[in-house]
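Participant: Read off the chains here:
Protein chains: 2
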Amino acid sequence: MKRTSAEEHVNRIEALRKEMITAGTDYYYVPGGDFHMSEYVCDHFKCREFLSGFDGSNGEMIVSSEGAYLWTDGRYFIQAAEQLEGTGIELMKMGEPGVPKISDFLKTHMENGQTLGFDGRCVSGGAFDRLKEALEGKAIVYKTEDDLVGNIWNDRPELPDGKAWILENRYTNLTRAEKLSLVRTEMDKAGCDVLVVASLDDIAWLYGFRGSDIEYNPVTLSYTVVTRKEAVLYMEPSKAEDIRTALERDGVVIKRYEDIFDDLKAMDAGHRVWTDKERINVKVLDSIPSDAKRILRWSPTFTLKGVKTETEVEHERSAHITDGAALTKIICYLKSLHETDELNEGKVTELDIASKLLGYRQEAEDFIEESFAPIIAAGPHGAIIHYEPDESTNAALRDNDLVLMDTGGQYLRGTTDVTRTVVIGEPTEKMKRLYTAVLKGNIALSSAVFRKGTSGRRLDILARKPLWELGLDYNHGTGHGVGFLLNVHEGPQNISSGPSGMGDTPFVPGMITSDEPGVYLEGEFGIRTENMIVCIPKESTDFGDFYGFEVLTLVPFDRDLIDTEMLTEEEIGIIDDYHRCVYEELCIFMDEKERKWLAETTRPLIDF
Amino acid sequence: MKRTSAEEHVNRIEALRKEMITAGTDYYYVPGGDFHMSEYVCDHFKCREFLSGFDGSNGEMIVSSEGAYLWTDGRYFIQAAEQLEGTGIELMKMGEPGVPKISDFLKTHMENGQTLGFDGRCVSGGAFDRLKEALEGKAIVYKTEDDLVGNIWNDRPELPDGKAWILENRYTNLTRAEKLSLVRTEMDKAGCDVLVVASLDDIAWLYGFRGSDIEYNPVTLSYTVVTRKEAVLYMEPSKAEDIRTALERDGVVIKRYEDIFDDLKAMDAGHRVWTDKERINVKVLDSIPSDAKRILRWSPTFTLKGVKTETEVEHERSAHITDGAALTKIICYLKSLHETDELNEGKVTELDIASKLLGYRQEAEDFIEESFAPIIAAGPHGAIIHYEPDESTNAALRDNDLVLMDTGGQYLRGTTDVTRTVVIGEPTEKMKRLYTAVLKGNIALSSAVFRKGTSGRRLDILARKPLWELGLDYNHGTGHGVGFLLNVHEGPQNISSGPSGMGDTPFVPGMITSDEPGVYLEGEFGIRTENMIVCIPKESTDFGDFYGFEVLTLVPFDRDLIDTEMLTEEEIGIIDDYHRCVYEELCIFMDEKERKWLAETTRPLIDF
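Respectively, the protein sequence lines represent chains A and B. Using the working numbering, the first residue of the first sequence is number 147, and each one after it goes up by one. Using the working numbering, the first residue of the second sequence is number 147, and each one after it goes up by one.
Simulated from the structure, these hints should not be mistaken for lab results. One thing to keep in mind: the hints can contain errors.
Repeated chains share a single entry, so a pair holds when one copy, or any two copies, can fit it.
Distance condition first, Cα-Cα at most 25 Å in a straight line; then the derived DSS-like pairs of lysine-lysine [as the list claims (entries may be wrong)]:
id	residue 1	residue 2
1	K429	K325
2	K335	K578
3	K289	K742
4	K578	K247
5	K278	K439
6	K239	K598
Note that the coordinates shown come from a computational prediction; the quantities given were computed from them, not determined experimentally.
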């Protein structure tokens, strides 16, 4: 989207207010999501950005006759302040003292009997419930069918029209029919006969297709309803052209995207309907007849999808070799920049590295796209956890500085997500101490053995412990689930102590997550070391079944940043074994110079 | 209680059935607790034991016209089977496949409109809610006021009449008035104006008294109701004689134990009443007028009590020196038994050791009683987690075998709880491997540094990790809160992954818990190493406040059982530091022979 003037945003807010008067709406809520509660959304859904000019990944607005307010989190305070300047929109800094949450703000400001409007397709049932709960006793009128920003957005981007395509079964070895059968078994167990799903990655998983509606996420805008006998996929026919035959062969009926609302409304009485209210929009939820019994919890597609098949894991291993080679080449290149004129003259930028890395990734035949916007963060940029370089921030790399690279790719063989932090030239002792502490946390988690039933919430401390011992920490989770050629963030498991509930999911073999402790010193540098790991069985004894992890990622750690004095013998052994494996798998992808460097950098940490 | 014949128990069940007919009760529920949901109960409350003859610490019964059933857990399957023989009572093995929970049993067996009776004073509000929920839709009639076992129990022990006594403020440095003020502040925050508490240790804590109604737990049967202006202690006047003056001086009103029911019923309309439904009996709960708003969660007395004052911690340190000396003397004695005739002839038994240890503890002037029934478990007995030797099980110690000792004392200076496992003579390699793994877990937890906000649920894994790596585990929590001259088990914090919710309580400085990993090999031996630890502040950095633990317990680990090959340098340093401290604090309590041995056993693990 082009940058627009502050004045234009003032005009847009005014235009919205006129729409609000016409609609009889006192407060209008502009959430950040799409119809599917997706983490990434396509341009059509960027109403908040259209209205405010603020283009961070997290932001929601409230507009009333008197004011316009935008909530975003700490990552974006500076950027939002800049982008909102002159628009009259007040920045609400989430989490800061005295700054109310949206629901509390509305509770304070709205008067009895006033009307709150929003586009119910962009708000989850769970979020709406929490809003209503906060405003309980205020007799608020809710208008959930008004897309007022849509009314004033003349050149609004259309919904995307990417074609869905079949992911061959050889990549997963779990057929559409088998997956439907697994889902129906879960439905039987839960005593429900209708399942409604809006999560795009769940739907792509279930029916074995992929799409291209959303950047980085190979999914297609769609809903599905599964009953004991039927499976209906709601997707625009033009987009479903290439998957129709295969799906129909398995008895899946394809209907128009918008048909779900009328179909749900026409449901017979007495059904027991399973849906996840955090992952379904209000309009879908309201279309389910009120006499239906609702079973509101994680969809079986959500939980089943999280456990990869052996074939998927095998392909992930292969994808990580290709992907690891690309990043390893970049690291070799970065190392070679030390004391060069090119570097000293500021001619190598973050975006250069991103572009070069993408080029290496694209050499793989089955590479599709990046799995998220690449984070190449030089020096102090590394301390900004979600920093993404763009033309306005793009910094030149400097000698004797750290570069944090968090990137990933989508391959037919799976999704990758890897972070390495490297030093160009000579690190300081402080850099080494912190890097080594982060690395200790990373390998403590990946080498853990744990009893069946253990959740990520319990494992999280293993990655933090070496940092806590130095009075350090990181304000993000330790690990998130990763899809198979799907979203780079998925559930149902994660490794964190956060409130989402996903941290309570016990690990089972086949679950893939990231392992990414870090430490961030504002204004100085950031360090993060991220591998993808897959849960595997370890041993069964009289005391139970024990699981562990296998590291999928294959990229060397930066030995220049490792302080071996801080490592135990066991830790040194783990790193040496890993490096041996990295060399063996990647050496054939390296040219002569790269191979020489790789051999050198992956040799045992302590020379005898 | 004397052992009675099976026939007598048949008669008692029959007598109960006659009472049930008179009362119009189809099913009668005999829970295991007292009026205060205490973990330990006095003889007056042992209805289940009176009825069945089974005297394990956990057991509940259901009696109907057709059958009588007793539920207990795995610790007691063998004992219960023996004690129930010939009584016609069916043993329900909790947790075994196909064995229903009491609520599910009632759901299956009870018919619409039937009556379930029990003594509502012995069932918590929470337990009753769960029962009603399970039986929902069955139109069951509940009779909660019938103590039918009481009707047939002729020589029932009276309620105890131990006198309460004042614990001088110098032991706690937090006065009654200060505690009442803290409680009222929490009440204000919660927006409630009446607090009802039945937990005996909470009440003793709040009013700064101790009692002697229950063995091992220095508490007195009582309830309390606190309002913004008033504080009423419900306790029999004869028991309150020695505390009346002090309490009245602080405005506390003392009324008869039974008066609480009428007082609550007479409450004005519109109060907001705070009580913890898991820790209050049904009769008290039902006495609160139905128009009162109920706030059902942990009482502020429960949470405040869990954080010890600096003075209490200082006294605990002192108590642990005295207590540690007693146990250390016993260990020295056990070590001296190797290859003696006394040992070889089977002349030293578990009960001998318990008695000798009690003797040493009694040498302390302020020793009051043991804090729980001592566990002295030789050889295979060590694998029975809650083994307590009695005349029927008492085993002789054997050479080259392990002895597990889990004991504790009540002192004016606080409560202790310590476990040491020692070998008499030569251990096997297996014993050493397992002992060292348990020890690694113990010190990993006690030496942990963690960020403010960290709960025991997250810390638990630190103690298990070294065991999990060997395919071992223990089926109990890692740590429980410990009272200050109160119950050896208390909340609100603990270190476990269990469902109680206490594991989610963040640690704050002043919280005391145990640290007790173990491993149990049925038929062979058991190992447990338990220290008491207190949470202390460590450092504050830009990344937050960090806490850790100080070890209170001072008793040497058994160096004969430590395999130094399995330890890191850091672990060896921790053990050596601890042993140095043990020697310094305890040597003055040792006689010459003991001192020589203590110096030897606490010297650095690796000789140079």
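Participant: At most 25 Å between alpha carbons: which applies to K278 and K439, within, between, both or neither?
Facilitator: Close inside one copy (21 Å) and across copies (22 Å); limit 25 Å.
Participant: With identical chains treated as interchangeable, where does the CA-CA distance between K429 and K325 reach 25 Å or less: within a copy, between copies, both, or neither?
Facilitator: neither (27 Å within a copy, 52 Å between copies)
Participant: I want to check one pair: K578 and K247. Are their C-alpha atoms no more than 25 Å apart within a copy, between two copies, both, or neither?
Facilitator: neither (40 Å within a copy, 56 Å between copies)
Participant: Is it within, between, both, or neither for K335 and K578, if the alpha carbons may be no more than 25 Å apart?
Facilitator: Neither: 53 Å inside a copy, 47 Å across copies.
Participant: Please work out whether the CA atoms of K289 and K742 approach to 25 Å or closer within one copy, between two copies, in both situations, or in neither?
Facilitator: neither (66 Å within a copy, 84 Å between copies)
Participant: Using 25 Å as the alpha carbon limit, work out where K239 and K598 are close: within a copy, between copies, both or neither.
Facilitator: Classified as between: cross-chain Cα gap 24 Å, same-chain 41 Å, threshold 25 Å.
The earlier numbered hints that this structure contradicts are 1, 2, 3 and 4.
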